[in-house]
Amino acid sequence: MALDTTKKVTKISYNGVEFPLPEGSPYKITTAELPNTTIELSFGGSVVSTKTTDATTGGKVSFNVNDSGTYTIRALDSNNTELWTNTVTVSDNGEYIVKSGKALSSYTFAEWHTILQGGYFSIMFSLKDSFTYSQSGNILHNHKFFVEKITQVGGKEIVDFRMANKYSGGNYNIFPYIAWVTSSSASSWTSNYRSFGGYKYSAMRQRMMEIGEDVYSQATGILPDDYSGTLTTGIKFSDLKYTDTGLACSIYSYSSSADTLTLLNAPLTAAPSNTAIMLIKGYFKSVGQIDETTFNAGVYYTATTVSSATIYTKATTYTSGTTYYGLYEKLQEDGIFAGALKTSNFASYLVKFSDSASAGGTQTSMVSSFSDYADIPAVEEITGVNRNTTLMSGVSAQNIGAYNLAGEGTKKPSYDFSVQATGSDYWTRSAASNYNYTFCLIANSGGIYSYGVITTYGVRLGFRLQ
Amino acid sequence: MGKIRNPLIVVGGGEPNFALYHITQVINGNNCELQIVDITNEQTDNYYIGENISQNTQQLYIVDK
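Respectively, the protein sequence lines represent chains A and B.
Counting in our numbering, the first sequence runs from 50 upward without gaps.
Counting in our numbering, the second sequence runs from 6 upward without gaps.
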């Protein structure tokens, strides 16, 4: 005969001897709030207990209760005005966490910061809680972000937010490529779009970076110094100078198996193969139509599209109305996403991600590390699988297109199919190891696909707050 | 003091010592008394495999079979 579980145990005997009733309560109800908030606990229509959060930090309050059933929790400010109310039904032994009865968006960013510093964000809010950011003029305006992950760090918490739908405006391509002259005519170029260097050295990551950071670009349109043909487009390496300083540009060979850059000596002779991995330190940026005085004070370039590749040519004479390009050793302005974050209303609470990503190409083990305020997810952070994973069906994850490397991160806890599928057709930061020109994309179905790095897709921006 | 539930809960902690128990529930209104005795063989009703901790530490776990 089953025991009646509705009865309250008031006495226990064990082998005929009365057993002392254990102390303590079977149920613990925990909530949290900002400083000086009174939490009122009611049961059966009567207030059974009240507690007030720490006056400085706020934080958790817990109530130990004996009766199963539904409890009401009210949060009251210092004027005894109700902030929110919530209920919890306790049945099985254990601790019950009661979330805030107010939406995430009803707290200010400064309050989020207080909550995170007190380490109780995960008590008040849940994974996938979301808010829509509002700031006229900021590219993040009207974009929805959800809680992707909450991490405990030394009694505090940090929270990762992810854009619910992809951002598809602006230039977010990854298209590192190499375009060396391949014939006796400098107008004949290869335009091989490569993933060498991976996300770390991609044009897409430059959108996430800040003023003054080192940037590298693939050596597009650069001729060896001993090139003897007639120069119509492109630049001999020795003529490649930074616009603002006039100094010679550095060129490196890149090893994706070791994630190392090796400075090459000038003059650079003998065109390498178009599969050689060459990066110049710096990047080209449009400076628009400049005046002649400005033109004469710097080194400027014009851009031509040849075989789908953008080929830069040194401008020797000034022509009014021409769009010029400058070559700069370091990033001249924030990437669009870093800039948006740093001018946001939560800018002072941003923390950088420490991310990893494949070093690119077809190599299968090397991941490189970098740190940015703005990031996009790796495949493994969304799906939990990498190229080495064996799926439950027994087949390799590569059968479902997961050619991403292991070690780019661990699956973040908010991801299930619905979260994964929203914002579909978006780039990840995972190079696909089956080809040397593809990155992994999360597509409409939520599936993983390898797409050429020239292709334009959206990104799902993430940021981290403390 | 907690109510009975599945698994039976009587809060506390300590070293587990698995054993068999027979439990008789004596109901008195909304309250009840649990009479727990050690047994050596499985019985037809209300026997439990539990974790018995000594009375000295006032700790007792009983986990439903």
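Any given hint could be a false lead.
Unchecked claim - If you only want the chain A side, here are some residues facing chain B, beta carbon under 8 Å, derived:
#1 58
#2 61
#3 62
#4 63
#5 64
#6 100
#7 103
#8 198
What the hints assert, rightly or not - Cβ-to-Cβ under 8 Å is the rule here; a few derived chain A residues that face chain B:
#9 53
#10 56
#11 57
#12 59
#13 60
Quick caveat, the hints were computed from the structure, so don't treat them as lab data.
Every residue gets a Cβ at the ideal spot worked out from N, C-alpha and C, and that includes glycine.
So which of the earlier hints does this model not fit? 6, 7 and 8
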